[in-house]
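Position chain B relative to chain A; hints supplied.
Protein sequence lines correspond, in order, to chains A and B.
Residue numbering for the first sequence follows numbering that gives the first Met the number 0, starting at 0 and increasing by one per position.
Residue numbering for the second sequence follows numbering that gives the first Met the number 0, starting at 0 and increasing by one per position.
Honestly, the hints are just simulated from the structure, not real lab data.
Check before you lean on any hint, since a few could be wrong.
As the list claims (entries may be wrong) - Okay, the calculated beta carbon distance ranges per label pair:
#1 A:E194 x B:Q356: 41 to 51 Å
#2 B:A322 x A:V420: 31 to 41 Å
#3 B:F83 x A:A345: 30 to 40 Å
#4 A:R102 x B:T70: 39 to 49 Å
#5 A:R38 x B:L265: 44 to 54 Å
#6 A:Q41 x B:L265: 31 to 41 Å
#7 B:E346 x A:D406: 44 to 54 Å
#8 A:R236 x B:F165: 46 to 56 Å
Being a predicted model, the structure only gives us computed values, none of them experimental.
Beta carbons: idealized from backbone N, C-alpha and C, even for Gly.
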Amino acid sequence: MTVQPTPPPQGGCRNAPVLKERGQREVFCGLTGIIWLHRKMQDAFFLVVGSRTCAHLLQSAAGVMIFAEPRFGTAILEEGDLAGLKDANAELDREVARLLERRPDIRQLFLVGSCPSEVIKLDLSRAAERLSQTHAPRVRVLNYSGSGIETTFTEGEDACLCSMVPVLPATDARELLLVGALPDVVEDQMVGLLEAMGIGPIRLLPARKIDDETAVGPNTVFALTQPFLGETAAALRGRGATHIAAPFPFGEEGTTAWLAAVASEFGVDAETFAAVTDAPRARARKAIAQASEGLNGKTVFFFPDSQLEIPLARFLTRECGMTALEVASPYINHALHGPDLDLLPAGPQIAEGQDVEKQLDRARAARADLTVCGLGLANPLEAEGLTTKWAIELVFTPVHFYEQAGDLAGLFSRPLRRRGVLKLEAAE
Amino acid sequence: MKLSVWTYEGPPHVGAMRVATGMTGLHYVLHAPQGDTYADLLFTMIERRNHRPPVSYTTFQARDLGSDTATLFKDAARDAYERFQPQAMIVGASCTAELIQDDPGGLAEALNLPIPVIPLELPSYQRKENFGCDETFFQIVRALASPIERTPEVTCNLIGPTALGFRHRDDVEELTRLLADIGISVNVVAPMGSAPADIARMGAAHFNVLMYPETGEAAARWCERELGQPFTKVVPIGVGATRDFLSEVAVITGLPCKADESRLRLPWYSASVDSTYLTGKRVFIFGDGTHVAAAARIARDEMGFEVAGLGCYNREMARPIRALAKDFGVEALITEDYLEVEDAIRELQPEMILGTQM
Numbered sequence: 000m001t002v003q004p005t006p007p008p009q010g011g012c013r014n015a016p017v018l019k020e021r022g023q024r025e026v027f028c029g030l031t032g033i034i035w036l037h038r039k040m041q042d043a044f045f046l047v048v049g050s051r052t053c054a055h056l057l058q059s060a061a062g063v064m065i066f067a068e069p070r071f072g073t074a075i076l077e078e079g080d081l082a083g084l085k086d087a088n089a090e091l092d093r094e095v096a097r098l099l100e101r102r103p104d105i106r107q108l109f110l111v112g113s114c115p116s117e118v119i120k121l122d123l124s125r126a127a128e129r130l131s132q133t134h135a136p137r138v139r140v141l142n143y144s145g146s147g148i149e150t151t152f153t154e155g156e157d158a159c160l161c162s163m164v165p166v167l168p169a170t171d172a173r174e175l176l177l178v179g180a181l182p183d184v185v186e187d188q189m190v191g192l193l194e195a196m197g198i199g200p201i202r203l204l205p206a207r208k209i210d211d212e213t214a215v216g217p218n219t220v221f222a223l224t225q226p227f228l229g230e231t232a233a234a235l236r237g238r239g240a241t242h243i244a245a246p247f248p249f250g251e252e253g254t255t256a257w258l259a260a261v262a263s264e265f266g267v268d269a270e271t272f273a274a275v276t277d278a279p280r281a282r283a284r285k286a287i288a289q290a291s292e293g294l295n296g297k298t299v300f301f302f303p304d305s306q307l308e309i310p311l312a313r314f315l316t317r318e319c320g321m322t323a324l325e326v327a328s329p330y331i332n333h334a335l336h337g338p339d340l341d342l343l344p345a346g347p348q349i350a351e352g353q354d355v356e357k358q359l360d361r362a363r364a365a366r367a368d369l370t371v372c373g374l375g376l377a378n379p380l381e382a383e384g385l386t387t388k389w390a391i392e393l394v395f396t397p398v399h400f401y402e403q404a405g406d407l408a409g410l411f412s413r414p415l416r417r418r419g420v421l422k423l424e425a426a427e
Numbered sequence: 000m001k002l003s004v005w006t007y008e009g010p011p012h013v014g015a016m017r018v019a020t021g022m023t024g025l026h027y028v029l030h031a032p033q034g035d036t037y038a039d040l041l042f043t044m045i046e047r048r049n050h051r052p053p054v055s056y057t058t059f060q061a062r063d064l065g066s067d068t069a070t071l072f073k074d075a076a077r078d079a080y081e082r083f084q085p086q087a088m089i090v091g092a093s094c095t096a097e098l099i100q101d102d103p104g105g106l107a108e109a110l111n112l113p114i115p116v117i118p119l120e121l122p123s124y125q126r127k128e129n130f131g132c133d134e135t136f137f138q139i140v141r142a143l144a145s146p147i148e149r150t151p152e153v154t155c156n157l158i159g160p161t162a163l164g165f166r167h168r169d170d171v172e173e174l175t176r177l178l179a180d181i182g183i184s185v186n187v188v189a190p191m192g193s194a195p196a197d198i199a200r201m202g203a204a205h206f207n208v209l210m211y212p213e214t215g216e217a218a219a220r221w222c223e224r225e226l227g228q229p230f231t232k233v234v235p236i237g238v239g240a241t242r243d244f245l246s247e248v249a250v251i252t253g254l255p256c257k258a259d260e261s262r263l264r265l266p267w268y269s270a271s272v273d274s275t276y277l278t279g280k281r282v283f284i285f286g287d288g289t290h291v292a293a294a295a296r297i298a299r300d301e302m303g304f305e306v307a308g309l310g311c312y313n314r315e316m317a318r319p320i321r322a323l324a325k326d327f328g329v330e331a332l333i334t335e336d337y338l339e340v341e342d343a344i345r346e347l348q349p350e351m352i353l354g355t356q357m
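The following block holds chain A by itself, in its conformation from the complex (with noise of 0.2 Å):
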């Protein structure tokens, strides 16, 4: 078996003329972040500071139910607090003090800037300070932005983990170091393959737990497991760590690039890297081959949602067979898109940022087979007669590695099949 992916033929897509768009854009905000780390973090909490709309945000986009209090909330900025009556660092502090008396199980806080709270020059980062020392040991306070004006939605997790960037402690070791918020099932996974190819001592950022051994220095290396991670990437290499490029690990093809890349990086000899990867990459073609019997040949176009969709469409166009006609991401990052961009065959538009109505318009002269969209569009171009992926749900569920290619596959070729199977007619 080779492990290097081959190049496309006709070329990839690195050197391909990016339409730049700023208009309306139809994403979540970087808030959004804390419905899935607050679930990585098993002790942490994430307050808000902001407005009744960044409650409301995170109600309806997590769709919180109320059955164990959530390690999540609101600080509600009210008129006194914006009009100066009343101290808002003051309330910040009764706030938190109560939320820490309440909750023992809470190891560490981050307090999250919001739109309105950069607006009124809230500053976080000083009350972090000042609610650490007061909390210490038992809590550490953070802070970071998960504002609208300044992050995209996958953006709040590279705005948490570079928070926490400069309070690693610091080690001379040389340790392989994995940055992004898997759930753990796919983390272990993850871990068990790097470890049976004699790979180690592995940290992971976030960590588990506050008391994980995560450190950094400049015998770190590091990899990236999400394509959204480029604050956190610079804030490492600041502390002297050096990146490990690679394709992302999506699909059989993209894990087995990332997965050759760290290895080759800690001298992994190709019978151990074969040994160990063999049977999931069989695994994991078999899988591919069964989910995406019906996505090929078809054509897809991507929203720009969450920075997966150069990956992700490589994935389709390499390993499902599919044809991307417009690829858009909220942003388009060389230094870390550009391995997957290099693969992913060259033809598709490649777009950066957005102008919701100008794309829509695009997107319905393109018609593709398949439209991978937010959720505040889906829906409305179900009932135009498109076919839609969500984009949110592939940030959502288990989609890296081998153990879960044939799902990622999956989740595209399902809402095809479902119009196949679909018979509303009469039956005569």
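Same frame as chain A, now just chain B:
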């Protein structure tokens, strides 16, 4: 500052969206940052509508602040007019835009669009979703309706239903049928189902049926004052309330208003022996004021339950709900904090909980 894990109501501009999305031929230009478009999914996913809300968001970013957010707004308003060709437009700010004080109303006026442009002032840091519905609908009616000749036969408007309302579509259907039974046809249903041109025809009705005070009372009062239309005060949910409503309509119209009750099954079901086990079951009722008042009466008088406690989350309805609670011999719980509702339920240990929200 108040810590909230879950809220009963969204911000007021979501109320404005509920009005706009229920209507046709109206477009809402909302000065708002990226992310506020989440509200679209309330309608496309939670309500499962097959079209996008008629809302354009200006999507300003940090780098626009202090430079040209006003230009962004004007461009968005002009583009929205050209693309959607609405009969009228509403313009306003979300919570963040309220802070940067760009004055969407003034900016839109300066564009001199050839359609009515209605500015909305929805204070995000004081008020909430229901207020947003009520105020938006009121401003639309005030701008577009005027006294016109009444229809020759007795007609009414149904006012209050919006997109994303609690059973609003079903209520409109049932009420229209009920009124048809007694010979009254519906002139306009608004805001849901109406276009700006329909709002202009509202004055032709002889009276208004106020379906939900939460979302239609300000407009009903304005119509009473400016168009000379009385409005009904009883919300026809439940058997007794519907009968009272019909009496009220009889007084307003002078018509006999005898409804066909051949399809009405509740009184017999309640009287039949297999309902005896319902007797005295203790229920707790919490939700919006209108539905709580209706459910309380149904629970006690039509099902034979004991109302152990009741309350509402919308402060606008605090006064009538407190009065109602007194009549039921309980203390009203008026709060938007679900933890307080949880505490009340825990303390009262009811056998059933009735609510408009989870």
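Review point. Is it true that the C-beta distance of B:A322 to A:V420 lies inside 31 to 41 Å, as the hint says?
Key: 55 Å, violated
**Study point:** Supplied distance hint 41 to 51 Å, evaluated on CB atoms of A:E194 and B:Q356
**Key:** 48 Å, holds
Review point. Is it true that the C-beta distance of A:R236 to B:F165 lies inside 46 to 56 Å, as the hint says?
Key: 53 Å Cβ-Cβ, so the 46 to 56 Å window holds.
Exercise for review: For A:R102 and B:T70, compare the CB-CB distance with the range 39 to 49 Å and indicate the outcome.
Suggested key: 45 Å, holds
Point to revise | 30 to 40 Å as the expected CB spacing between A:A345 and B:F83, which holds or is violated | key: 36 Å, holds
Practice item. Please test the hint of 44 to 54 Å on the beta carbon pair from A:R38 and B:L265. Key: Taking Cβ atoms as reference, A:R38 and B:L265 lie about 45 Å apart, which means the hint holds.
Check your understanding: Does 44 to 54 Å hold as the CB distance between B:E346 and A:D406, or does it fail?
Key -> 46 Å, holds
Check your understanding: For the pair A:Q41 and B:L265, does the Cβ-Cβ distance stay inside 31 to 41 Å?
Key -> Violated - the Cβ-Cβ distance for A:Q41 and B:L265, about 50 Å, lies outside 31 to 41 Å.
The structure shown violates the earlier hints numbered 2, 6.
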